[in-house]
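Can you build the whole structure from these sequences, using the hints too?
Top line first, the protein sequences correspond to chains A and B.
Numbering follows the numbering used here, with no gaps: position 178 of the first sequence is 178.
Numbering follows the numbering used here, with no gaps: position 94 of the second sequence is 94.
These are calculated hints, taken from the structure and not from any lab test.
Here the structure is a predicted model, which is why all the values come from computation and not from measurement.
Virtual Cβ for every residue (Gly too), placed ideally from N, Cα, C.
Heads up, a few of these hints could be off.
Computed beta-carbon distance windows for the label pairs [as the list claims (entries may be wrong)]:
(1) A:A252 x B:S35: 55 to 63 angstroms
(2) A:R123 x B:G25: 36 to 44 angstroms
(3) A:P40 x B:R36: 35 to 43 angstroms
(4) A:D95 x B:G25: 35 to 43 angstroms
(5) B:S35 x A:S55: 34 to 42 angstroms
(6) A:D36 x B:R36: 39 to 47 angstroms
(7) A:S55 x B:W34: 19 to 27 angstroms
(8) A:A53 x B:Q43: 51 to 59 angstroms
(9) B:G25 x A:A25: 26 to 34 angstroms
(10) A:S55 x B:Q47: 51 to 59 angstroms
(11) B:R36 x A:G78: 52 to 60 angstroms
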Amino acid sequence: MSLFTPRRSLLAVSDNAAALLGPGAAPEQARIERIDFADPPRAQRALAELLSAASTRLIDIVLHDRLVRYFTLTPPEGVLGLNELESAARLRLCDLFSVDDAAWQLHGDWKSDKPFLCCALPRTVSACFARAARAAGKPLASAAPLFVRVCNRIRFAGNSGRWAACRHDGWSTVAFFGNGGCHYIRSSALAMDRPLSDSIKVAALRSGLTQREAWVLDADVDTGEPDDALTGLRHLDGNAPDVRLLKQLSRATAAA
Amino acid sequence: MQRRFRIDFIESRWRLGALGWVCLGITVLLALAWSRLALSSHQRIEQLIFSKQALERNLARERPVSGSIEISTDRARSVNQAIRRLNHPWEDVLRALNDAASPHVALLELAPEFSTGTVRLVAEARTIDAALSLQKKLARDPSLRSVVLTKHEFLSDAPGRPVRFVLDARLGDQP
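Here's what the structure looks like:
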């Protein structure tokens, strides 16, 4: 963190709980609250209480991948502007997940010439964050799902394609990046007794993308397992604060 | 290198930490001090320029203006003629005529021509020899140059048949 940017607390949010961690604190010291997004006012109060307890003014939010919907979009031919890309993305969201796109806040790594990553969050959740932040008087600095935060820490070099896979709390997200674009992404449940590489193999079969190099982060197992099918496996750092905090959150909610 | 994915459900805002605010504050104070210094320097320079102009005006008032005045060609010519006329040593020409005077010659007309630097003398003599004698005497005088008998005429109607003659001479200072 730069000397010129303010210190921030970290708030991890899953579909039924949230955990607040101050800067430099251990995940075991995180304050955890039950959250029920089906009851927005109650969820907002719980979040506001958590945010008020933060020792810093700014808060970063890491979202459980189960809360969001990931998909890729290939830009339509002759697209003229961002509005057209957003419209196409909303159509694809409805098509893929059979949801009402108006109920979802949509963000994308917008590109005009290659497939790119899109991510949608229910508006009830984002509205809760905004109201809770206002009530607590604490501005929110960022809110991104874990898979995006992990990928943003990877330095992809060159144009060769590579898989990226992340599992935490029994939920895996696998994506394929190459030539500056995102060509495949899928999130699904993955049991703890199955290796993360299984998700990559299934994704490779489905997409026809046969590259064997992959970045993996498996927060559900302590040691990375060698896999004959994937020769270029690189294990990402599972000790990052956001990964550990979500792990602590899932442990706490499982125990409760 | 792959750049960051721009996926963030919070509208990003630029924020500064405490050290950042302190540095920003110092920068603003320095900028204010600099602009104040620049303004006072500018005012001082303007004051000095004004003082210099006032001094120059005072000096000009005390000293006559020595600049060239434009006049027309005709006026210049007439002024130069007047100056030449005034500056010419007429005493020498009159003295030369006086010295060359003879009882046999009567001076009728003395006409200077400043544009050509010549003087025309019209006189009458009893004989042509007296006329030629006058021409020779004037030719020897340094105030006149190139004294030439240009015309002569015997006046047969006048008693004694005098000769009227014209002498053209260059003034001594003309080339």
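Comparing the hints with the structure gives:
1. Between A252 (chain A) and S35 (chain B) the CB atoms are about 57 angstroms apart, so this pair conforms to the stated range of 55 to 63 angstroms.
2. Between R123 (chain A) and G25 (chain B) the Cβ separation comes to about 40 angstroms, which falls inside the hinted range of 36 to 44 angstroms.
3. Take P40 (chain A) and R36 (chain B): their Cβ atoms lie about 55 angstroms apart, and the range 35 to 43 angstroms is violated.
4. In this structure the hint that D95 (chain A) and G25 (chain B) lie 35 to 43 angstroms apart at CB is violated, the actual value being about 53 angstroms.
5. Distance hint check: the CB atoms of S35 (chain B) and S55 (chain A) are about 40 angstroms apart, consistent with the given range 34 to 42 angstroms.
6. Range check, D36 (chain A) to R36 (chain B): Cβ separation about 60 angstroms, and the 39 to 47 angstroms hint is violated.
7. Distance hint check: the CB atoms of S55 (chain A) and W34 (chain B) are about 39 angstroms apart, inconsistent with the given range 19 to 27 angstroms.
8. At about 57 angstroms, the beta-carbon gap between A53 (chain A) and Q43 (chain B) stays in the expected band of 51 to 59 angstroms.
9. Against the hinted window of 26 to 34 angstroms, the Cβ-Cβ separation of G25 (chain B) and A25 (chain A) comes to about 31 angstroms, which satisfies the hint.
10. Restraint check, S55 (chain A) to Q47 (chain B): a C-beta distance of roughly 57 angstroms satisfies the suggested window 51 to 59 angstroms.
11. Distance hint check for R36 (chain B) and G78 (chain A): the Cβ-Cβ separation is about 57 angstroms, which falls inside the suggested range of 52 to 60 angstroms.
Hint violations for this structure: numbers 3, 4, 6 and 7, all remaining hints satisfied.
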